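**Student:** Make the full structure from the sequences, and use the hints.
2 protein chains.
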Amino acid sequence: MIECYAAFAAKQKLKEFRYAEPRQIGPMDAVIGISHCGICHSDIHLIDNDWQTSRYPLVPGHEIIGKVERVGVDVRDLTPGQRVGVGWQAGSCGNCEWCRRGEENLCPDDTATAVGHYGGFARKVIVDSRFVFPIPPLMASESAAPLLCAGITVYSPLRRLTKPGDKVGVIGIGGLGHLAVQFARALGCHVTAFSHTPGKEEEARALGAGDFIGSKDKNTLAKLKRHFDFLLTTVNVTLDWELYLAMLRPNGRLIVVGAVDKPLEIPAGAIISGQKGVIASVIGSPGMIREMLDFAARERIAARTEVLPLKDVNAALDRVRQNKARYRMVLEV
Amino acid sequence: MIECYAAFAAKQKLKEFRYAEPRQIGPMDAVIGISHCGICHSDIHLIDNDWQTSRYPLVPGHEIIGKVERVGVDVRDLTPGQRVGVGWQAGSCGNCEWCRRGEENLCPDDTATAVGHYGGFARKVIVDSRFVFPIPPLMASESAAPLLCAGITVYSPLRRLTKPGDKVGVIGIGGLGHLAVQFARALGCHVTAFSHTPGKEEEARALGAGDFIGSKDKNTLAKLKRHFDFLLTTVNVTLDWELYLAMLRPNGRLIVVGAVDKPLEIPAGAIISGQKGVIASVIGSPGMIREMLDFAARERIAARTEVLPLKDVNAALDRVRQNKARYRMVLEV
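Which chain is which? The protein sequence lines are U and L, in order.
Using our numbering, the letters of the first sequence map in sequence onto residues 14 to 346.
Using our numbering, the letters of the second sequence map in sequence onto residues 14 to 346.
Just so you know, these hints were derived from the structure itself, not from any lab.
Take these hints with a grain of salt, some might be off.
Below are the DSS-like pairs computed for lysine-lysine, each with C-alpha atoms no more than 30 Å apart in a straight line [to be verified]:
| hint | chain 1 | residue 1 | chain 2 | residue 2 |
| --- | --- | --- | --- | --- |
| 1 | U | K337 | U | K24 |
| 2 | U | K324 | U | K80 |
| 3 | U | K238 | L | K275 |
| 4 | L | K337 | L | K324 |
| 5 | L | K337 | L | K137 |
| 6 | L | K229 | U | K275 |
| 7 | U | K275 | L | K238 |
| 8 | U | K275 | L | K275 |
| 9 | L | K24 | L | K137 |
| 10 | L | K275 | U | K231 |
| 11 | L | K275 | U | K236 |
| 12 | U | K28 | U | K137 |
| 13 | L | K176 | U | K176 |
| 14 | L | K231 | U | K275 |
Everything numeric in this text was worked out from a predicted model, so none of it was measured.
**Tutor:** Rendered as structure tokens:
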């Protein structure tokens, strides 16, 4: 039996849960013995059934670090005992245009680690080995776990879209944002951190931000016209989108990776003048996750975390719900 | 004196108006004797002061064809008698980053032909010669006039963003849309025309559309999931944006060139899933306008127009207000 924590209904506290570990696993599957699992805001959305896709009992957790326990007969690239990570995606169809191109994150028939599949708040997880990634040796496991979802979510658009020298604003210095500041800086961008919390200035600068803007002050924001090549918004609340779009230089892009609750209201004039755009990004391909882990190891990019034991999962979830985590909660198994 | 037609207050009919032709013009200016001027929806917005930028008397008109009458002492590339065109832009600062890069359409201190400057519903217009373009010899003037604004507005994003073989949907088959269908087809894309008017199907196909969708039927629209690489919206009314975004393939882009009256409502989930985007485009640089004219001449791309004499300007404007023009009204001077 695999011991884990599950939600049994929307918005409920998690409780202990067990499911049977299959004697036989699929030829491409891997069983991972979990040592750490980060808590992402989307775990909260899943527990609460905010996206109407949840099935209960629901075992959250998709920022997993652990060791390979056993692999299916066709797995060639993983060895028992090897330290690995698993993120949002636990499988994909393998046959569609996107899978065949190595862009499995765009597969319309993918499997999410914690949607209709038991996730990482557990002693073990069983996933398609194509979505299991070796972790570079020098990374601490608790600092590496959040890279698997928060990290790739911000690395992918920064890597694909920015050029060294670009002016990048990171909106929201939380789990995603504090990694985005580090990645954007290491990619050669000038980084401005936007946060509602003035107390985060010193840390944001230590992470690589050249400037810090207290985003509660609309007057300060209104002065920053035509300043940024990119604004990466990691928050899940509605902002004054017109005000932020005015901060973009011509051809600038507002990159959306935060699951904002209400539709973004975008006046046509705010994007036509200066031919700007609002574009989204979703996690990253397996190839890009491998690249990100390598880049993070080389550039000494790590999540700043608060670690609690798995049995304290409900306390940890509360800290995430209250936006108190600095900057990511990680459960230790 | 230069004879023209002007609005003297918002939402009023145009009346005859004259202004003095300066004896001395700027060293880089050109005086154009106008033969034709197209009517763009933005002329209506300017007459009505919809954008709060209008100054009266306001002489609309920014799809101008005519002949060079005289040029300033520093103009080297225009000759009196030469047939030329002028579009939305009549000048730019010449000194900013964007002007120096040849992207004058992004200059923050530009001059629009009909905003704070007397436009093309007139016998003559005086503009910066850098924004005066030779018209290829085989084009009829009335078919060329709409290229200067409607044409470049759709050509620029199609040329910069699409690849041959892409599936492109053109939403709205009017002044901009009927040119977009022709340009997208000539650029090697598979084109689907979306129109509220079933009667436009035959013409849309003749212009190059491979498919035609009657866009009043939401059931038909809902079936087209993950189909298009690009949707180019040329309309100025609010659409069901979520429905159209669902028609985009992963990495697809909704390109906005129509001055929609209300903010676009974009659910974050509708762009995060499939990492889609909403991007705008604004006219085109002088270099791209020259390229477009050459491309249109080579590919035999022309606006389909209804021509009325300049004195019937108010009747022509009414046809535009009522969306009756097939597909562009052009005034003949």
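**Student:** Against the 30 Å threshold, does the CA-CA distance of K337/L and K137/L hold or violate the hint?
**Tutor:** Distance of about 28 Å is within 30 Å: holds.
**Student:** Under the criterion that the straight-line Cα-Cα distance not exceed 30 Å, is the pair K275/L, K236/U satisfied?
**Tutor:** holds, 25 Å
**Student:** Does the structure keep K231/L and K275/U at a Cα separation of 30 Å or less?
**Tutor:** Judged against 30 Å, a Cα distance of about 23 Å means the pair holds.
**Student:** Straight-line Cα separation of K275/U and K238/L no greater than 30 Å?
**Tutor:** holds, 22 Å
**Student:** Does K176/U sit within 30 Å of K176/L, going by the straight-line distance between their CA atoms?
**Tutor:** holds, 22 Å
**Student:** For a C-alpha distance cap of 30 Å, please report whether K238/U and K275/L respect it.
**Tutor:** holds, 22 Å
**Student:** Run the distance test for K337/U versus K24/U: straight-line Cα separation, threshold 30 Å.
**Tutor:** This hinted pair holds, its Cα atoms lying about 19 Å apart.
**Student:** Against the 30 Å threshold, does the CA-CA distance of K24/L and K137/L hold or violate the hint?
**Tutor:** holds, 24 Å
**Student:** So if I understand the rule, the pair passes when the alpha-carbon distance is 30 Å or less; does K337/L with K324/L pass?
**Tutor:** holds, 19 Å
**Student:** Quick one, are K275/U and K275/L close enough, alpha carbons at most 30 Å?
**Tutor:** Holds, at about 16 Å.
**Student:** Does the alpha-carbon distance linking K229/L and K275/U stay inside the 30 Å limit?
**Tutor:** holds, 26 Å
**Student:** Would the pair K28/U and K137/U pass a check requiring their Cα atoms to be no farther apart than 30 Å?
**Tutor:** Distance of about 16 Å is within 30 Å: holds.
Against the hints set out earlier in the document, no violation occurs for any number.
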